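With the hints in hand, could you dock these two chains into one complex?
Chains A and B, in that order, give the protein sequences.
Numbering follows our numbering, with no gaps: position 339 of the first sequence is 339.
Numbering follows our numbering, with no gaps: position 426 of the second sequence is 426.
Calculated from the structure, these hints are not laboratory results.
These numbers come from a predicted model, not from an experiment.
For glycine and all other residues, C-beta sits at the position ideal for the given N, C-alpha and C.
One should not assume that every hint holds.
Short, incomplete list of chain A residues facing chain B, as computed with Cβ under 8 Å [what the hints assert, rightly or not]:
#: 1; residue: Glu56
#: 2; residue: Pro149
#: 3; residue: Ile207
#: 4; residue: Leu227
#: 5; residue: Pro237
#: 6; residue: Leu333
#: 7; residue: Leu335
#: 8; residue: Leu347
#: 9; residue: Gly363
#: 10; residue: Ser371
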Amino acid sequence: MSSARYSDLVWHQFKKYTLAYRSLQMLVALLLLAVFAPLLASDKPLLWRVSNGPWESPWFWSLFDRNVYEGTLDIVFNVMLVLGVPSFFLFFVGAVREPPVRTLRVLLVLFGILLLFTLFHHPSHAKISYPDLEKIMIAEGQEVTSVYPLLPFGFQSVDLSNVRSPISWAHPLGTDNAGRDVCTRMIYGTRISMTVGLFSVALYMVIGTILGALAGYYGGRVDALILRLIEVMLSIPSLFLILAMAAFVEKRSIFHVMLIIAAVLWTTPARLVRGEFMRLRSMEFVVAAVASGFGKRHIMFREMLPNALGPVLVTATFGVASSILIESTVSFLGLGDITVPSWGQILNTGRSTGMWTLILAPGIAIFITVSLLNLVGEGLRDAMDPKLRQ
Amino acid sequence: MWAYIARRLLTMPPTLFFISLIIFGVLNLAPGRPGESAQISGAGESKRSSAQRESFRIFKEQFHLDKPIILNTRMFLTADDVEKKLVDAHGWGDVHDIKRRIRARNMLEDAGEYLVGPLIALLDHPDPRLVSASIEQLIEASQRQIKPDGDRLLNQTAQRGNEERKSWRCTATIPAPAVIHTKDVIPAKAGIQSCTSAVAQWKTWFLDNANHYTWSALEKTRRVFFDTRFSYYWRNLLHLDFGKSTVDRSDVFDVVLSKLKYSISLSLISMLLAYLIAVPLGIYSAVRQGSVGEHLSTLALFVLYSLPTFFTGTVLLRLLSEGDPLAWFPTGGFESQDPHRLTTLASMRDVMWHLVLPVATYTSVTLAALSRYARSGIIDVIRSDYVRTARAKGLGEWTVIIKHAGRNGMIPLLTLLGGLLPVLLSGSVVIEVVFNIPGMGLYLYEAINNRDYNAVMAVLVAASFLTLVGVLISDISYAIADPRISLE
Numbered sequence: 001m002s003s004a005r006y007s008d009l010v011w012h013q014f015k016k017y018t019l020a021y022r023s024l025q026m027l028v029a030l031l032l033l034a035v036f037a038p039l040l041a042s043d044k045p046l047l048w049r050v051s052n053g054p055w056e057s058p059w060f061w062s063l064f065d066r067n068v069y070e071g072t073l074d075i076v077f078n079v080m081l082v083l084g085v086p087s088f089f090l091f092f093v094g095a096v097r098e099p100p101v102r103t104l105r106v107l108l109v110l111f112g113i114l115l116l117f118t119l120f121h122h123p124s125h126a127k128i129s130y131p132d133l134e135k136i137m138i139a140e141g142q143e144v145t146s147v148y149p150l151l152p153f154g155f156q157s158v159d160l161s162n163v164r165s166p167i168s169w170a171h172p173l174g175t176d177n178a179g180r181d182v183c184t185r186m187i188y189g190t191r192i193s194m195t196v197g198l199f200s201v202a203l204y205m206v207i208g209t210i211l212g213a214l215a216g217y218y219g220g221r222v223d224a225l226i227l228r229l230i231e232v233m234l235s236i237p238s239l240f241l242i243l244a245m246a247a248f249v250e251k252r253s254i255f256h257v258m259l260i261i262a263a264v265l266w267t268t269p270a271r272l273v274r275g276e277f278m279r280l281r282s283m284e285f286v287v288a289a290v291a292s293g294f295g296k297r298h299i300m301f302r303e304m305l306p307n308a309l310g311p312v313l314v315t316a317t318f319g320v321a322s323s324i325l326i327e328s329t330v331s332f333l334g335l336g337d338i339t340v341p342s343w344g345q346i347l348n349t350g351r352s353t354g355m356w357t358l359i360l361a362p363g364i365a366i367f368i369t370v371s372l373l374n375l376v377g378e379g380l381r382d383a384m385d386p387k388l389r390q
Numbered sequence: 001m002w003a004y005i006a007r008r009l010l011t012m013p014p015t016l017f018f019i020s021l022i023i024f025g026v027l028n029l030a031p032g033r034p035g036e037s038a039q040i041s042g043a044g045e046s047k048r049s050s051a052q053r054e055s056f057r058i059f060k061e062q063f064h065l066d067k068p069i070i071l072n073t074r075m076f077l078t079a080d081d082v083e084k085k086l087v088d089a090h091g092w093g094d095v096h097d098i099k100r101r102i103r104a105r106n107m108l109e110d111a112g113e114y115l116v117g118p119l120i121a122l123l124d125h126p127d128p129r130l131v132s133a134s135i136e137q138l139i140e141a142s143q144r145q146i147k148p149d150g151d152r153l154l155n156q157t158a159q160r161g162n163e164e165r166k167s168w169r170c171t172a173t174i175p176a177p178a179v180i181h182t183k184d185v186i187p188a189k190a191g192i193q194s195c196t197s198a199v200a201q202w203k204t205w206f207l208d209n210a211n212h213y214t215w216s217a218l219e220k221t222r223r224v225f226f227d228t229r230f231s232y233y234w235r236n237l238l239h240l241d242f243g244k245s246t247v248d249r250s251d252v253f254d255v256v257l258s259k260l261k262y263s264i265s266l267s268l269i270s271m272l273l274a275y276l277i278a279v280p281l282g283i284y285s286a287v288r289q290g291s292v293g294e295h296l297s298t299l300a301l302f303v304l305y306s307l308p309t310f311f312t313g314t315v316l317l318r319l320l321s322e323g324d325p326l327a328w329f330p331t332g333g334f335e336s337q338d339p340h341r342l343t344t345l346a347s348m349r350d351v352m353w354h355l356v357l358p359v360a361t362y363t364s365v366t367l368a369a370l371s372r373y374a375r376s377g378i379i380d381v382i383r384s385d386y387v388r389t390a391r392a393k394g395l396g397e398w399t400v401i402i403k404h405a406g407r408n409g410m411i412p413l414l415t416l417l418g419g420l421l422p423v424l425l426s427g428s429v430v431i432e433v434v435f436n437i438p439g440m441g442l443y444l445y446e447a448i449n450n451r452d453y454n455a456v457m458a459v460l461v462a463a464s465f466l467t468l469v470g471v472l473i474s475d476i477s478y479a480i481a482d483p484r485i486s487l488e
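Chain B extracted, bound-state conformation (with noise of 0.2 Å):
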């Protein structure tokens, strides 16, 4: 038994990993960039101004989406493939394809420090507007990181140094862009360019600092497979970190946390109620098969069955809370507004008050799943020969089914357990979103809706985790109830 419970806690971790892999790549496979709505609502790409592409740079930064997904290759980018993106990203190509300009930028924006290189070797470059556009680049290409927990002195150099380099621009405005080829040559009006000074102390600064911006083989490998968003997440998953919420930033797996209670509460109080009601009624309806009972509670369960949920909670809502017809319960929440006012025996309550139509709704889910199966197992254990020895010695009716019948055919529900646990945790979605009640389920729908990518990892997680749990808690309630299975 508990070598078995070692070995099922010990497939665990790995089942997690895949789980995470698994959400890990829907997540960032999908089109749409994380964390973009949240960060500027509105604003047209073209229309961002340069304080709001900062900012969005530094949020980028700070939750790794600037870097590649899986592999890493961008230190093998080479001056000429930079080129390409740097007239891509103004447009001076022959092809004006918005889109593509687009991605160029996003790129040229996301590969910071892979880009100094090239960059620099860009800077010989005969086209005038391609040097400055290069050391443009260069600017926010070799901006340090300032770490809000890092040194205090170290900061305060790379904020220097940041500075600093923000002065080595090229002195006078271009003239507008003609339409130009990669390689053609616009003549350099005298007065009009001087970048020459500021070409100089871009390489005095590079060959300073070209150290950080060269790589050896080792290092290389390194971050092709280390320096990248998957990595980044991994290692913090594994000290519990899901990371911040791209929205609040509040810590993701705190938060997660703290919605647990409500909806751990809400579906255990509902799978109680459920058990509670459906197996008398299954002992019932196998117990008298064919009578008017029978039938009424069949149709019931079969009507509940079918019923969606957010049908149920939505009718229940508009019948009973919304005060047209009736103003019997509050229109949703888990509590009322201040809720340090009342008694304890008051708020709880309260509570009670506000959890009755969620109740109501998430029992109604389970209760017909639930005593379809009461209701087949009693009645497979009720012709065996046991129950007719149990009669035949003489034991009263109510005996015979509920301590002989009953105990057997109730562990079908046993493992019912376990496989509620994922139903009743994605019925949470919508009965808190229903009701308003600030669990997980809720909380997963609002990260959606904000595309906090974080959150929505961090709940699928921990309900994947919870999940197993739960499934392994039910395999071996099912082991203790019935001693033929064994576990070895």
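Just chain A, with the same shape it has in the complex (with noise of 0.2 Å):
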């Protein structure tokens, strides 16, 4: 044991904590649901065939379509479905047990030429709603046989005939004022919480650390000024500056408001990783270090960043979770992206049509969602703590 790497030493203590680990388990299944969102909902069959033509598969083109999907955010996601189902047969099934780096590699390699191949990629069939279609063919005689996902429709697809349906075998959750489908809606929302969780907290957190690390080794005037500007950002209040800042940006997109959040929510690792690092300073090992000739890179980011790495993730995963609670206030107060089915954005159609599929069902799930990381947050930081460790 006593060989044992850190991080090792660490997860063999994390596991222990049955709830913490659960709820690690409950956000992988999370992220998969995510990624496997279109499997689950759309509105382009799987199979399609008129009278006796051939089989097409509608959905697996409009995976890749710009039109369908207008963030590129979803595309960045079926990409990782399409490379994702055959690597869970890989790594799961049992075919390979620990994926090896060269296996890693190549599916990175793959997922780059996908999503650049998406950038070329025009499908023709857009914006066809298919079970319309299917209708209409089959009102003029014509014979379809198609193959839907579990719930036909998109996420943006409106349907004005079928506005405010109560649940149903069909509309798990029912339809909002729009008509469009709330479960599915919900489930294509789970993408959006989660890349902002993700990507804007891996943002602030290497603008943060950089500047933390700068700040802790250097200290003297760069720490001054580092730390001058981490206490005029704490001063202003988070959301004011978060919500100002979404209000002036024209034509939001959801990557706008992860670097808006980014912007402001960066002083927390910096503080903390200011506070590690003037721990660190005069500890041997950098002594050490700093003797053997070694740059100034080499010794902040290979030698002491290692060391002071383990609170930082501690907060990373707090951060995500205020992340998405930060993403779903600016929805819920129409600051966010108006295109995208947010949770915080149909929980702000449920106050306003005051129905309560459209209140409930968002503000569990980002219930669920933030106490499950702050769960894992605990666990963690509990892991790290030699104190605890048995």
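Okay, here's the thing in structure tokens:
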């Protein structure tokens, strides 16, 4: 045990906290839900045949379709889905137990190629609503065979003949005031929350870590400057600033929201890393590294940073939770990206229409996601605490 | 102690300066022209009538939105630059790019007096259309501002001058433009162009007024730095003038002050309530570790901690006030429609009645965080030697917990006091929007939606100021409560 890597040690300890470990599993499940969303809900049929024509799969091609998914976000998830299904079989069915580095690299390259492909791919049947098309064709006497995902709805497909319908088998969570299937929107909303959480946190962790490292390592004027900046940022109520920034961006996309969150929240990791670096600076291994003549960058990011990363990881986990909360708050106030089915957006519709499904479904979804993240964060914090380790 | 407070107070102005710098930067560097949507909602750029354009120009002038943000380089514009902009603005160039056209037009509109010099030089241009366009631009650029609080006589003169110059135009219309290059010359057909008299009028006018439109080197340097949006903003800020709302022209600072009473009373009541609940709860769960009650309260607090404010608020509102299923509480607002009819007591009851749901939501946000700290604070203290001594000398359990452990264990809560304020203020947007309380949060929200950026800026600066004060108060109370902490 003594020779084990620190990460193994923490992981081993983490697994002992059943609640936190189960929460992590649930979060992975949620991420998979986000990736596999089109398999559950899409208005493009998986298989489609008109009378005796060839079998087609509009669903598959729509995965790469910028016209169906207006944000880049969905395309990324879809590429993950296309790559994920085969790798899912590879990794979990048992062909490969531990993914070797080379397989991962190949997957990464494939991921890039597929993303590039979507840039040049322009399917012609972009906005066709297949369920409607099918009805028309059947009325014309044509024979149509089609296989749909579980929920044959798009997250934007409006159906004004079916507004505010109650919970039923066809619509597990009913429809909203524009006849859009709530369950479908909720599923796609997972994508938004997951991306906002992960991406903005990754971004501000990088900014905060670098600034904190600089401040902690150099001290003196650099430290004073960065500390001043942090202090100033902390004095402005964060949500006020985020809302103000969001309001003055024209044509907000979800990426703008992420950038804004990152631009405001970087102070937490910066303060933390600064403190850690100040503590580490006088430690023997750092002094030894300086004496061996390593460059400053090497010392900061190769020697010191790994030792400061533990607490950063814990705040990152809590940070994902708070980013998700902030994004939904911003969307709830109508200042987010109005084209995406974000949970906050759905709740906003719920507030203005007073429909219970539209209030409870996104609210509970946000609550569950945030709780899971908080539980994982707490577990991680305890797992890293040497006092609690057996 | 006093020295410390004085020092902290002295560092506040520079911090506030940086805060306003950041806020100013954020609001001004963001794309989207503030005030535009407020002034001309719906009308497309091209469809704007000249009257609308004129009123928008005056509006921009009033709020200094026509000035460059940080550095002003407009006095270095040459006739060539202006010629290019004119060609762009009228779409006479090769490229018919609507965005470029709009940009050029806005630039010409904003540059104002700085254009007069180059435009006069352009009057000798061989292309008659350009001459005519320059004259039209000159009429706009040479407008003197009528100051409402200025000298009446001067205003009248300026007004008369403005009116007079409007008649110095080319007398005939210009043939429909073919696509031409900048330097191409269209031969002036006889009878169609007669700009000569107008050109002469403008030139004589410029000879008389040249001193208004040429600047010495010193003046130029001054204007580079001080004829800018930032400079005007700061000059106003120094005498607490946050400017006027671009929506209803009310004084932003006054409005924010009047809104503060709602927000502050709301957050103070909630904070008090949260402390009143959190402290006993924290003590209870620290003392009774492992009991059913402790587990239940931990669970409840965990749930509260992860519940988003807007969700709690919406559910409470929907559940208890909209008449479906229950209608116990009013649907929003701070008080009833006409509070003047009520007696003082009744109006207090009325306000309380309105505040139940928002305060409940607000408290739930604060409570979870607070009682966690209360619990861990007590746990830290309860195992210490002096508590054991207190028990050993035979004091009752109640006295030990409350008097000995409690006092020390609650110190962390004091530091939270300052940190809570920004959280509460942030929460106020959501709660005030949901419950329609006319406080600072709702004002910010409405200002944001109207792109009323003086108001946004004022709210942000005021909120930051409050936060600074809150942090200071909590630091001081921390020092008073814990003599081990030295502030020197």
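Results of checking the hints against the structure:
Because the closest C-beta pair between Glu56 of chain A and chain B is about 41 Å apart, greater than 8 Å, the hint is violated. Taking 8 Å as the C-beta cut-off, the interface hint given for Pro149 of chain A is violated, the closest approach to chain B being about 29 Å. Restraint check, Ile207 of chain A versus chain B: the minimum CB separation of about 15 Å is more than 8 Å; hint violated. The closest approach between the C-beta of Leu227 of chain A and any C-beta of chain B is roughly 12 Å, which is over the 8 Å cut-off, so the hint fails.
Against a cut-off of 8 Å between C-beta atoms, the interface hint on Pro237 of chain A holds, since the closest Cβ of chain B lies about 4 Å away. Checking Leu333 of chain A against chain B by beta carbon gives a least distance of about 6 Å; that is within 8 Å, so the hint holds. At about 7 Å, the closest approach between the beta carbon of Leu335 of chain A and any beta carbon in chain B falls short of 8 Å, and the interface hint on this residue holds. Hint on Leu347 of chain A holds. Least Cβ distance to chain B is approximately 7 Å, under the 8 Å limit.
The restraint placing Gly363 of chain A at the interface with chain B holds, with a minimum CB-CB distance near 4 Å, inside the 8 Å limit. For the restraint placing Ser371 of chain A at the interface with chain B, the shortest Cβ-Cβ distance is roughly 4 Å, inside the 8 Å limit, so the hint holds.
Against the hints set out earlier in the document, violations occur for numbers 1, 2, 3 and 4.
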